[in-house]
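The lines below spell out each chain.
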Amino acid sequence: MAPPAQSQRSPSPSQPSGKSEVSDLKLQLRQLAGSRAPGVDDSKRELFKKVISYMTIGIDVSSLFGEMVMCSATSDIVLKKMCYLYVGNYAKVNPDLALLTINFLQRDCRDEDPMIRGLALRSLCSLRVANLVEYLVGPLGSGLKDSNSYVRMVAVMGVLKLYHISASTCIDADFPSILKHLMLHDSDTQVVANCLSALQEIWSAEASTSEEASREREALISKPVIYYLLNRIKEFSEWAQCLVLELVTKYVPSDSSEIFDIMNLLEDRLQHANGAVVLATIRVFLQLTLSMTDVHQQVYERIKAPLLTLVSSGSPEQSYAVLSHLHLLVMRAPYVFSSDYKHFYCQYNEPSYVKRLKLEMLTAVANESNTYEIVTELCEYAANVDIPIARESIRAVGKIALQQYDVNAIVDRLLQFLEMEKDYVTAEALVLVKDLLRKYPQWSHDCIAVVGNISSKNVQEPKAKAALIWMLGEYSQDMQDAPYVLESLVENWDEEHSAEVRLHLLTAVMRCFFKRPPETQSALGAALAAGIADFHQDVHDRALFYYRILRYNVSVAERVVNPPKQAVSVFADTQSSEIKDRIFDEFNSLSVLYQKPSYMFTDKEHRVPLEFADELGNLSIGEAANNVVPTQMVEENDKDLLLTTSEKEETKGSRNNGSAYTVPYDGSSTSVFASQAQVESAVSNPTLAGHSPQASFAIDDLLGLGIPATPAVPSPPQLKLNTKAALDPSTFQQKWRQLPVALSQEISVNPQGVAALTAPQALLRHMQSHSIHCIASGGQSPNFKFLFFAQKFEESSNYLVECVINTSSAKAQVKIKADDQNTSQDFSTLFESALSKFGTS
Amino acid sequence: MISQFFVLSQRGDNIVFRDYRGEVAKGSAEIFFRKVKFWKEDGQEEAPPVFNVDGVNYFHVKVVGLLFVATTRVNVSPSLVLELLQRIARVIKDYLGVLSEDSLRKNFVLVYELLDEVIDFGYVQTTSTEVLKSYVFNEPIVVDAARLQPLGPAAIFMQGTKRMPGTAVTKSVVANEPGGRKREEIFVDIIEKISVTFSSSGYILTSEIDGTIQMKSYLSGNPEIRLALNEDLSIGRGGGTIYDYRSSSGSGAVILDDCNFHESVRLDSFDMDRTLSLVPPDGEFPVMNYRMTQEFKPPFRINCLIEEAGQLKAEVIIKVRAEFPSNITANTIAVQMPLPKYTTRASFELEPGAVGQRTDFKEANKKLEWGLKKIVGGSEHTLRAKLTFSQESHANLTKEAGPVSMTFTIPMYNVSRLQVKYLQIAKKSSSYNPYRWVRYVTQANSYVARI
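Residue numbers (the UniProt record's numbering), protein chains in the order written: chain P, 1 to 841; chain A, 1 to 451.
It is worth saying that the hints were derived from the structure and are not from the lab. No residue lacks a Cβ here, since even glycine has one placed at the ideal position from N, Cα and C. Honestly, I wouldn't trust all of these hints.
Claimed, not checked - Derived pair list, reagent style DSSO-like, types lysine-lysine, alpha-carbon separation capped at 30 Å: (1) K342(P) <-> K35(A); (2) K62(A) <-> K26(P); (3) K457(P) <-> K171(A); (4) K735(P) <-> K596(P); (5) K50(P) <-> K399(A); (6) K399(A) <-> K386(A); (7) K373(A) <-> K193(A); (8) K366(A) <-> K37(A); (9) K367(A) <-> K422(P); (10) K399(A) <-> K297(A); (11) K171(A) <-> K49(P); (12) K399(A) <-> K341(A); (13) K106(A) <-> K35(A); (14) K234(P) <-> K342(P); (15) K439(P) <-> K422(P); (16) K62(A) <-> K49(P); (17) K133(A) <-> K234(P); (18) K515(P) <-> K596(P); (19) K92(P) <-> K106(A); (20) K422(P) <-> K427(A); (21) K133(A) <-> K106(A); (22) K463(P) <-> K374(A); (23) K427(A) <-> K234(P); (24) K106(A) <-> K49(P); (25) K422(P) <-> K366(A); (26) K62(A) <-> K37(A); (27) K596(P) <-> K26(A); (28) K596(P) <-> K40(A); (29) K366(A) <-> K386(A); (30) K422(P) <-> K297(A); (31) K319(A) <-> K362(A).
Claimed, not checked - Some chain P residues well away from chain A (every beta-carbon gap over 10 Å; in silico): (32) S62; (33) G138; (34) M153; (35) S237; (36) S256; (37) E258; (38) S313; (39) P334; (40) F514.
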């Protein structure tokens, strides 16, 4: 535990603690207060400085309030400023004394010098004393009309301060509408910017109670206001530009030409040296083009270079903020960045939080063409002096292996890790080899040969030990000394501190027993005895369960403990896509750095006004996604108790599939996609892989030539679908909300289909091969729910489908929505035909 | 929108503390400092620049060992706040000439004055030194620059080259010089940070130049300036096409991957003749940032050998060769190499007649350190180290040690060949001829050789 920070400090001479200094100051101030001697201002300055320095280091000098106010009758502006600072700090705790200051502040608000008018007005509004608000209205009113822009600028913020002290006073004085007028007519851009900030705050706060305020809030994002601000954007300071850009994000243009106008206008903002301006611009671009897949793709290409430049210029802190955003984009559309992987290599002097982001990006962008180099680089980090990073590098190699790019070579590397003889390397590698075997059981021979050489005595970490024990149990038929290793582990039962390891040991001994009974029998007996006597509840229960089931019937026990295993195809993701979309909607905010949507770390009252995501969250489809995804996760969890949540990792393959986040490819990178698509089709439909490019396959299929169709199916109509259709979830949501239901019907699912539908994933791949893509799925037997979409070949006309399948009744409830209503019947027929082939091909 | 701003010393003392909105409790500075100091129990990992404790978001940047911190409860743009903190530091530096704990303590009233104008009720008003001049009335109390650790990239010029007036860069934009006369001068610095990774066989795996053209103007009356860059300069567009690190462009054109510009820069004739025109605001600012992955000749070649030399012994040989012209001298060179964990002793052998070199074996983190005051272009230096181990090494020694990393500064040299061809100042009168300083420097960012 950290010692209190206080004890870390050495008392410094500039930090007196006693009260004597304060009373000393009081005396001196009193002497100076009435004096008009020459040079008195200089002595006052010295005293004021002392007071303020005490204030800064936290000494309470509020008892000097009266004297400070007395001394403030001066024309020296530096003195005045110090006095204002002091008053602003202590007025709140001394409301009675604050009344003393009102007089001279009000007088200063009418001073000739605009600087003094502004300063006095600012201080007056900063008093934060509720019973003084009546004195604010007058000076604020004249401040807003002042001829000097500095005073107006201060007055506008003053209105906001007044609102926070007393909202009703502010509204009753009709200040918001004055601000609105100023915002649209003032010649000074900082006055305009301040009006915008103030109005956003005021109207958002009022919107919950007042209809009118919420209308006013909407009016801020109306076309005339947005255009007015956008046309002047270059006159604004860089900070005010960020403010305007944030507002533009919420604006919904009426058509695409408007979108292009805005983007062309803002194009040069991407070259700004201030990262905040660039990120705000990028957010506008991304939001505007959400429903225009091609342009959205171009935006990704366009923003790449400016983002990379920002990452490498500026301070490490700024570069981290930008890198986090780049990380978000890379995770959303890895293939766009796959040729830039070298930018994600770690530098030896980077802090861990940067390296961690880079490792994830490297993992995400790995594809067939760059895997070799990326894995080579990651292997270099495995020997890194920074052990946590070394560990994560090894995990990254494992994740890439699970993505199935060139598993062959990667398995070799992993096995080399095991031979490096560094404890943490071995530990990480063991866990990975275990995961790899669960997905690719065909590698067991190569892996087991190496794993068999590892002495369990050299493995200390619970996770790694559990992985090793799991492999000993699972592959005991291939590992000659498995029973003996397990036996010696059982002998040392009491020394094993991790319950996780003991649980695995019980199961492994059981499995080993069914494979090699004579050699394991005594170990099993010892393990069960030790397990039943174990103080840990779970271990005790599992041991007891094994014991009873063995007594009941050995063959039933074998079926329970040693069932034939299916290779795991998809490891569940830690974060639902709904959460990821939320974070994306909150681009250019802390959500991206924390990798959490704002509702998870912000109190309700501090949510940013006009939050886009809040509105999205209210859509019905948003809720649907909300329900669907977590169930899927739970189900994955249940299927596999061995994995803890932190290890779970959705394989990228299933996501890269041209559906969810995918941005379409331009000509230059099509080849990458094509090859990726081929891999996918190879997975989903092995008979066709290799000799038939996917596009033609899909078309053949639609014409009913490729695969023998079941007789009952009506012949598919001449509707061609785009095999590489892409639609992002938010566009899907938007469209689903806008479009009417074109068709709603119940379809019977054939028995083969029902049998094949053990998990949602099975159907996804099947439908994909018919160019119908899934955007979300979930549920558990007998009820499954899917959201599909498809696009017309060479047209951007979309079809959206909600399909709920009940496997026990063998019925599917299908709702179809379409951009082009006329073809929805054709599409429906096509969908029905595709669904009917499920399980038969 | 931020709630508080404060500056903490290395020990965690408040030097400046300003609460703008009263939404975050007063103890925030303590909470922040404790969190940063004890981010992870082992103390190995640094706290990230942004974190959240109990609903309060803390942002910080480190400048000359001081922590500049902002807090807020709102989900703001992190780039905006971090950029702002950095900019506040720069404005303060413009005013004080030197940014240090000492100068801040001496001038905290001036700093408060600045802060009041920079931010109002949490919203940024201006960070322009130029604009602030008309609002700020305190005179800076100048601290003696010579005694202090210099700040920022400009400071590197103070070593080695006599031609540069070292004090000029630490001059306040508002303070008058002794004699009350301001010297008319302008500084343009081309600063390049290079990152190179060599493979164990000496190939360049990755290389990048991150450059900045930094300007600091002390010209009165804000005349317009034209800055001409290489005529054959080109900027790669269309993304994704020029990431081939071994593109054999060889000589000639300078190709930037990408760049960005300060707001004041006008690019009207940039496409035609590669000139930037601007009216430089007061204070220090980057005119242009650029990034380059085009092939370049690395200034140093590093060779490293580690091999067993008998039982529980090994020998390390590190050779560093300077591959730049002999009229150029690199300074403050430091070479580092992690040694196997079981190394107990290292004895060093420098080449005969070596001056200005020092060697060290850091027992705690098992690191070899080799410092050289300077390296003249074209020369080569070698270090031999004999290591003693506490246990026998099983594995390949090269997997237990390395990589070799290097830091250095090379004044008056830049690897990208980007140049300021001329610096034209719009004439006020025929006798107006201010000092113009155009300076180049190359620094190592991440310079690593694997073994």
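Each hint tested on the structure:
no.	hint	in the structure
1	K342(P) <-> K35(A)	33 Å, violated
2	K62(A) <-> K26(P)	37 Å, violated
3	K457(P) <-> K171(A)	65 Å, violated
4	K735(P) <-> K596(P)	26 Å, holds
5	K50(P) <-> K399(A)	59 Å, violated
6	K399(A) <-> K386(A)	18 Å, holds
7	K373(A) <-> K193(A)	19 Å, holds
8	K366(A) <-> K37(A)	24 Å, holds
9	K367(A) <-> K422(P)	19 Å, holds
10	K399(A) <-> K297(A)	28 Å, holds
11	K171(A) <-> K49(P)	24 Å, holds
12	K399(A) <-> K341(A)	11 Å, holds
13	K106(A) <-> K35(A)	28 Å, holds
14	K234(P) <-> K342(P)	35 Å, violated
15	K439(P) <-> K422(P)	26 Å, holds
16	K62(A) <-> K49(P)	26 Å, holds
17	K133(A) <-> K234(P)	22 Å, holds
18	K515(P) <-> K596(P)	47 Å, violated
19	K92(P) <-> K106(A)	28 Å, holds
20	K422(P) <-> K427(A)	68 Å, violated
21	K133(A) <-> K106(A)	19 Å, holds
22	K463(P) <-> K374(A)	50 Å, violated
23	K427(A) <-> K234(P)	28 Å, holds
24	K106(A) <-> K49(P)	10 Å, holds
25	K422(P) <-> K366(A)	16 Å, holds
26	K62(A) <-> K37(A)	13 Å, holds
27	K596(P) <-> K26(A)	27 Å, holds
28	K596(P) <-> K40(A)	21 Å, holds
29	K366(A) <-> K386(A)	14 Å, holds
30	K422(P) <-> K297(A)	37 Å, violated
31	K319(A) <-> K362(A)	20 Å, holds
32	S62	13 Å, holds
33	G138	20 Å, holds
34	M153	7 Å, violated
35	S237	6 Å, violated
36	S256	23 Å, holds
37	E258	25 Å, holds
38	S313	4 Å, violated
39	P334	14 Å, holds
40	F514	37 Å, holds
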